[in-house]
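Q: Chains as they are written, first to last, in full-length UniProt numbering: chain F, 1 to 402; chain H, 1 to 402; chain Z, 1 to 402; chain Y, 1 to 402.
Treat the hints as calculated values from the structure; they're not laboratory data.
One or more hints might be untrue.
The list treats identical chains as interchangeable, and a pair is accepted whether it falls inside one copy or across any two copies.
The calculated DSSO-like cross-link candidates involving lysine-lysine, where the alpha carbons are at most 30 Å apart (straight line), are [unchecked claim]:
1) Lys-192 / Lys-18
2) Lys-211 / Lys-3
3) Lys-18 / Lys-402
4) Lys-291 / Lys-118
5) Lys-8 / Lys-165
6) Lys-178 / Lys-291
7) Lys-165 / Lys-185
8) Lys-280 / Lys-211
9) Lys-8 / Lys-192
10) Lys-18 / Lys-3
There are 4 protein chains.
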Amino acid sequence: MLKDLSYKSEELKYQLLKFMDEYVYPNEQVYEDQLNEGESRWVVPPIIEVLKEKAKAQGLWNLFLDDEEYGQGLTNYEYAHLCEIMGHSLIAPEIFNCNAPDTGNMEVFIKYGTDEQKKQWLEPLLSGEIRSCFSMTEPDVASSDATNIQGSIVRDGNEYVINAKKWWTSGALDPRCKIAIVMGKTDSNAQKHQQQSMILVPFDTPGVVVKRYLPVFGYDHAPHGHAEVHYNNVRVPASNILLGEGRGFEIAQGRLGPGRIHHCMRAIGAAERALELLCKRAEEREAFGSKLAEKDVIKEIIAESRIEIEQARLLTLHAAHKIDMAGAKAARKEIAMIKIAVPRVSLNVIDRAIQVFGGGGVTEDFPLAAHWANARTLRLVDGPDQVHLRDVGRLEMREQLK
Amino acid sequence: MLKDLSYKSEELKYQLLKFMDEYVYPNEQVYEDQLNEGESRWVVPPIIEVLKEKAKAQGLWNLFLDDEEYGQGLTNYEYAHLCEIMGHSLIAPEIFNCNAPDTGNMEVFIKYGTDEQKKQWLEPLLSGEIRSCFSMTEPDVASSDATNIQGSIVRDGNEYVINAKKWWTSGALDPRCKIAIVMGKTDSNAQKHQQQSMILVPFDTPGVVVKRYLPVFGYDHAPHGHAEVHYNNVRVPASNILLGEGRGFEIAQGRLGPGRIHHCMRAIGAAERALELLCKRAEEREAFGSKLAEKDVIKEIIAESRIEIEQARLLTLHAAHKIDMAGAKAARKEIAMIKIAVPRVSLNVIDRAIQVFGGGGVTEDFPLAAHWANARTLRLVDGPDQVHLRDVGRLEMREQLK
Amino acid sequence: MLKDLSYKSEELKYQLLKFMDEYVYPNEQVYEDQLNEGESRWVVPPIIEVLKEKAKAQGLWNLFLDDEEYGQGLTNYEYAHLCEIMGHSLIAPEIFNCNAPDTGNMEVFIKYGTDEQKKQWLEPLLSGEIRSCFSMTEPDVASSDATNIQGSIVRDGNEYVINAKKWWTSGALDPRCKIAIVMGKTDSNAQKHQQQSMILVPFDTPGVVVKRYLPVFGYDHAPHGHAEVHYNNVRVPASNILLGEGRGFEIAQGRLGPGRIHHCMRAIGAAERALELLCKRAEEREAFGSKLAEKDVIKEIIAESRIEIEQARLLTLHAAHKIDMAGAKAARKEIAMIKIAVPRVSLNVIDRAIQVFGGGGVTEDFPLAAHWANARTLRLVDGPDQVHLRDVGRLEMREQLK
Amino acid sequence: MLKDLSYKSEELKYQLLKFMDEYVYPNEQVYEDQLNEGESRWVVPPIIEVLKEKAKAQGLWNLFLDDEEYGQGLTNYEYAHLCEIMGHSLIAPEIFNCNAPDTGNMEVFIKYGTDEQKKQWLEPLLSGEIRSCFSMTEPDVASSDATNIQGSIVRDGNEYVINAKKWWTSGALDPRCKIAIVMGKTDSNAQKHQQQSMILVPFDTPGVVVKRYLPVFGYDHAPHGHAEVHYNNVRVPASNILLGEGRGFEIAQGRLGPGRIHHCMRAIGAAERALELLCKRAEEREAFGSKLAEKDVIKEIIAESRIEIEQARLLTLHAAHKIDMAGAKAARKEIAMIKIAVPRVSLNVIDRAIQVFGGGGVTEDFPLAAHWANARTLRLVDGPDQVHLRDVGRLEMREQLK
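Using the sequences and the hints, build the whole thing.
A: Rendered as structure tokens:
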């Protein structure tokens with residue numbers, strides 16, 4: 001990186017690296033085994049709570065929060081470095097209470113929650129006691145254009161009545177999931193970007209139906225899972241509306257910036273893990289008379305991977321820095337750019353590693369295929385690449401012509 | 001295509017297309033449901049046997065066999081057209097008794113089997129009563145260089161004793177799997193390409209242990225599955241050796257040509273299915289003020305897909321034709337070329353379709369992610385692309401310099 | 001290729017290959033030297049007329065014409081094979097009187113010319129005595145959308161008066177160029193595709209001004225050159241209008257099909273030449289301890305090149321065959337597809353060869369850079385790729401939804 | 001960028017931007033015209049000396065030199081920002097006395113020159129009175145492997161006798177070129193990397209023969225040109241050897257680091273220029289019913305270009321920073337990475353701009369084709385990409401395994 005980290009961040013970084021080596025990597029298989037041996041896939045493997053306690057005890061907790069009161073006050077640029085490290089392992093983010101969508105939800109509570117809402121939902125989220133989900137995307141419309149969203153939130157006396165068919169509500173299958181933030185229309189006649197609102201729905205409210213989990217390639221992502229959730233005449237107090245009617249878009253925009261930095265840095269972490277595995281495998285395997293590591297074609301894919309990763313990381317750090325300096329809105333182009341560029345790089349690198357691992361690469365014997373499926377999905381999360389490319393093109397054109 | 005099909009092939013093609021529409025597509029979900037409702041994932045969904053009977057009754061059976069006695073005597077070029085159609089659906093090949101590895105195994109029996117072996121194994125395979133598997137790849141060595149293979153086949157009196165740790169033994173978990181063809185070393189001191197032999201191992205022989213299934217991007221591919229199989233002191237009669245000691249490579253080479261045509265044409269079929277789904281989805285969905293189908297960026301990906309598919313199909317048909325005209329050995333470069341080019345195209349097209357389907361694209365609501373995982377694996381089957389690129393480069397260089 | 005050539009075509013092919021070896025390749029440098037030693041770059045090197053006589057004497061003449069009266073009656077599929085061979089050398093097409101834009105112009109004369117026009121212009125073109133040019137593209141508008149074209153053709157008594165600013169009028173600088181076909185508007189009020197007409201303009205008509213040549217990546221393409229030509233109050237007899245007012249689009253469409261086959265097959269020929277040079281160079285050069293030919297990274301680029309070329313050729317032959325069978329209009333999608341796919345392949349292969357030649361690759365010591373510049377330009381001729389991608393996407397979508 | 005520039009650098013940057021607008025861009029055509037109207041292409045257009053005086057007067061001079069005595073003491077990181085700006089115009093670097101190979105040669109004189117050599121050659125180079133060249137590459141061997149170089153430098157009494165056939169001696173055709181640094185073998189029996197030496201050859205020494213210029217695509221790059229230079233029994237005083245016999249490699253390595261930063265930043269500048277031109281053209285042109293700027297496919301290529309450029313710039317700045325912090329040797333991997341990544345990006349962006357400009361894009365009406373040819377050549381300068389990929393792969397593997 002070009003810009004130095006603060007002393008505190010450097011310290012946290014080395015502490016985190018040590019924690020990963022000591023506790024995370026050695027327990028990946030334990031987690032997998034506990035998950036397979038549980039009475040169902042939707043039971044949380046006990047090891048995760050053990051590791052959460054360890055992390056919390058070390059202060060490796062809620063690192064994503066730039067808020068000094070609730071978190072550690074790291075900048076986006078600083079946290080980005082830590083987030084990348086967590087991205088090496090699919091089980092890591094939860095261990096440090098840094099997993100989506102809880103991170104975004106906690107930020108929403110801090111910014112827009114009432115004191116009561118903070119007490120009821122933010123505190124147990126901060127302490128890792130409960131989990132949460134976010135219901136925005138709908139199966140029946142192209143949700144990348146958020147104005148398409150049809151779910152309704154209708155005022156009825158002191159309550160709002162919610163009717164919506166949502167999917168990709170990640171974490172909804174986790175037994176610890178207690179609260180959902182739901183986006184829907186409160187006013188179809190308002191201006192295009194003021195029709196939508198966000199509202200809190202305690203997950204045990206009558207009418208909340210978790211229909212099924214959505215597999216990602218063949219993965220169920222248990223015990224969290226991505227759910228299709230139906231909200232059938234769900235009634236919540238009027239005070240559960242966040243920030244006020246018609247403010248849904250505003251809240252949605254606000255949570256995007258840091259969230260994308262997190263997604264992208266984790267994707268870079270996954271790429272680094274893949275490259276490390278690739279190199280080690282290349283050193284071990286022999287074919288056609290020499291070690292893979294000695295073959296120029298292998299050196300080329302290693303080089304291409306390193307070149308891509310370095311650029312993706314610099315671009316993401318640059319975007320994080322811009323958010324820190326000028327805010328997420330000013331960094332809109334930069335944030336859209338990493339959303340496009342980084343998942344591609346991560347997919348490229350992991351794909352090359354799979355190729356070097358041969359058949360083993362597509363199995364669960366190595367964490368390549370699972371990381372790949374995640375990174376692939378990232379190209380769709382918050383809208384497909386095409387939507388972001390259009391945005392970047394439009395913003396660039398505007399700057400060029402002014 | 002440039003070269004006309006025979007009247008018979010054209011007839012079969014239209015019959016097959018009709019069968020797909022009437023019986024295959026409508027039963028994909030039935031198959032999935034029966035699989036999920038079975039007492040385990042490793043029970044064959046009953047619908048498959050029903051459909052096999054229908055296909056057999058219509059003469060849509062064993063179409064892959066160019067042998068006129070056992071099959072219908074179609075050329076590789078002719079069958080390629082039918083094989084592509086089967087590739088549209090993941091459940092189709094089995095319905096027509098045209099699924100790997102049974103196809104390759106049946107060809108081996110026809111070419112190299114004794115009358116007795118044919119009676120015992122070939123006949124029930126031809127009639128679809130049993131299934132079979134092929135054990136070559138090993139987890140502990142880079143098996144793309146087949147000289148690395150370590151499994152041992154040792155003569156002991158009238159028997160051979162087999163000790164080997166194999167994986168990617170596809171179909172081994174199918175309850176109907178009765179016979180394995182196993183490749184291993186009979187003579188470590190022989191010339192490099194004469195050390196290996198192939199031998200028949202009835203699957204109920206003591207010492208045959210199916211250790212586990214290998215997931216492919218999270219998919220179990222039940223009820224067939226790709227297995228890790230250990231052969232622990234497995235004893236079979238000496239007559240089970242195929243063609244004689246040291247002939248393993250020769251047999252392996254012989255089965256590659258048509259097999260790759262099949263794999264590639266099915267991958268093209270998968271791409272066509274994806275493109276069809278993409279176009280229909282683009283017509284239905286609307287975002288940012290217009291139908292996806294009306295957006296130039298969508299037209300571009302449709303165009304790129306069509307251009308890639310056409311070229312991939314022509315290249316594969318060209319290779320099939322060359323096998324028909326000059327034999328698999330003479331078509332070695334052409335066969336290697338399709339192995340590299342076609343899976344890439346199939347992956348590109350399916351990936352674009354996933355992108356247009358958004359989140360739905362990575363789930364099982366549409367057959368895209370599953371087809372993608374298959375096509376990705378194809379880049380590793382019979383050795384990774386890199387091995388084939390080296391071969392093509394070497395063969396091309398030889399021709400250029402002569 | 002999948003479909004056999006006729007005996008006649010095979011004969012011509014071998015004769016042509018022999019001619020290339022005996023007369024064309026050995027004279028490339030002679031041509032270059034004569035061009036450089038001439039009193040200006042815009043004088044035709046004498047060797048070219050010598051070689052034209054030889055080719056004509058052997059019957060290797062006007063091979064592109066499928067018309068049996070004027071040419072040899074070869075199909076597009078058949079000529080495509082010959083055209084590729086000519087594409088190996090930049091000086092070859094003219095030697096066989098098969099160079100653009102004369103080819104397209106001759107076809108126009110045959111289809112739409114009056115007897116008198118044929119006598120005056122077609123005959124000397126057929127015999128190679130004169131050359132011709134085609135003025136359509138304009139510098140001031142995006143000419144890929146031909147409805148943008150502004151040049152005017154106004155009836156005035158028994159004459160038409162032409163005012164137009166054209167560029168990319170290839171061949172206009174050749175001292176032998178005697179006739180232009182000019183496209184312009186005759187009626188701005190007619191329906192969009194009936195506003196344009198084509199008219200014959202003898203090149204010595206007052207008001208025809210060749211302003212300058214247009215370099216192509218630094219090349220002047222002398223002595224033919226691509227010219228900016230201004231038509232200032234140019235008056236020609238009313239009978240010079242081709243086919244009638246408002247028929248310009250119709251004529252333009254008609255000449256596109258075979259013309260694109262020619263362009264693409266020559267681009268494939270250029271790619272083959274580059275691959276041949278690449279392989280020979282790789283055999284001669286040594287670096288870092290071994291011949292380039294022995295390095296796997298070189299084998300990979302050779303393989304990728306062969307794979308791309310084979311597919312591009314098959315796609316083009318397929319399009320040519322479709323024109324032969326169903327006409328250019330029915331083959332519209334196929335023709336657009338090769339326009340997109342083939343130049344890319346040619347550029348890829350030549351670029352790889354340049355890379356293997358190092359610094360020499362970008363000079364005139366080898367015919368790589370010049371071929372590359374040609375192929376690059378081909379991505380713009382008749383509209384940039386983007387226009388054709390949109391067409392293919394639209395046509396594909398239409399087929400998928402019907 | 002992530003790291004702030006010093007106040008001085010920021011000042012220089014804005015001064016430079018202003019100079020470019022006021023003096024450079026408006027004189028590009030003047031330069032071209034003077035070049036074309038000169039008595040030969042190898043006469044320096046007078047405007048260049050006028051602009052050099054202006055730049056020198058403003059202190060925009062020798063900015064590349066990190067040496068505080070001879071230059072302005074800017075770091076590589078700081079100069080990189082200025083160098084990018086110069087890269088916008090092909091005539092700019094010379095105006096600021098920052099053009100290759102003089103820059104590298106001046107650095108060599110500063111580091112290794114005797115006082116006398118400095119007085120004789122460095123001073124007039126620093127003041128822009130003379131120019132210089134660098135003779136290393138040879139046409140007869142793969143010079144990317146510098147151990148292949150065959151030119152001989154033989155001690156004979158108080159002199160060295162040089163016999164060598166060199167090419168790509170850039171600037172040798174410039175009438176102001178007075179001195180060459182020549183690399184050749186002094187001892188074939190020494191260790192591999194100690195066989196080579198560098199020696200000063202005044203360009204008017206008998207036996208120095210400039211054979212011809214080497215075109216780059218069709219460009220002659222007059223009046224500097226890339227020359228083939230033969231050194232036939234050229235005798236120079238023994239004191240002309242640089243640093244001592246066998247030190248050629250050491251000197252060659254030393255000049256590579258900053259030189260590649262310069263090349264890459266200029267290539268990024270060229271890409272920025274192309275993107276700017278692209279955007280403006282897209283705003284002006286209309287096709288198929290709307291401005292190009294409004295089309296999503298155009299927005300996509302603008303976005304892709306911006307994404308690529310940002311990453312390439314960050315990577316290059318990162319490498320420059322590493323040279324500043326740790327030296328060129330420690331930054332070897334970073335320097336190799338930009339050598340691979342940046343020219344590709346520049347080529348991609350310029351190529352897209354050409355596509356948007358249609359036919360105009362390949363001519364000299366816009367500075368796209370010329371910039372493209374430069375960037376293409378950059379993929380070969382100092383060895384083709386393949387050599388650097390191998391290096392990066394090797395270095396990465398070493399780090400991963402330690």
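Q: The structure should be examined with respect to each hint, and the outcome stated for every one.
A: Verification of the hints:
In this assembly of identical chains, Lys-192 and Lys-18 lie within 30 Å of each other by CA distance neither inside one copy nor across copies; the values are 49 Å within and 43 Å between. For the homomeric pair Lys-211 and Lys-3, neither the shortest alpha-carbon distance inside one copy (47 Å) nor that between copies (50 Å) is at most 30 Å. Proximity of Lys-18 and Lys-402 under a CA criterion of 30 Å is satisfied inter-copy only: 17 Å between copies versus 49 Å inside one chain copy. Within a single copy, Lys-291 and Lys-118 get their C-alpha atoms no closer than 57 Å, and across copies no closer than 42 Å, so neither meets the 30 Å cut-off.
Proximity of Lys-8 to Lys-165 under the C-alpha cut-off of 30 Å is found in neither arrangement, the shortest distances being 45 Å within a copy and 51 Å between copies. Neither within a single protomer nor between protomers do Lys-178 and Lys-291 lie at most 30 Å apart by alpha-carbon distance, with minima of 52 Å and 38 Å respectively. For a Cα distance limit of 30 Å, the shortest separation of Lys-165 from Lys-185 inside one copy, 12 Å, qualifies, whereas the shortest one across copies, 57 Å, does not. Taking the shortest alpha-carbon separations for Lys-280 and Lys-211, only the inter-copy value of 26 Å comes in at or below 30 Å, while the best intra-copy value is 43 Å.
For the homomeric pair Lys-8 and Lys-192, neither the shortest alpha-carbon distance inside one copy (44 Å) nor that between copies (48 Å) is at most 30 Å. Proximity of Lys-18 to Lys-3 under the C-alpha cut-off of 30 Å is found in both arrangements, the shortest distances being 23 Å within a copy and 28 Å between copies.
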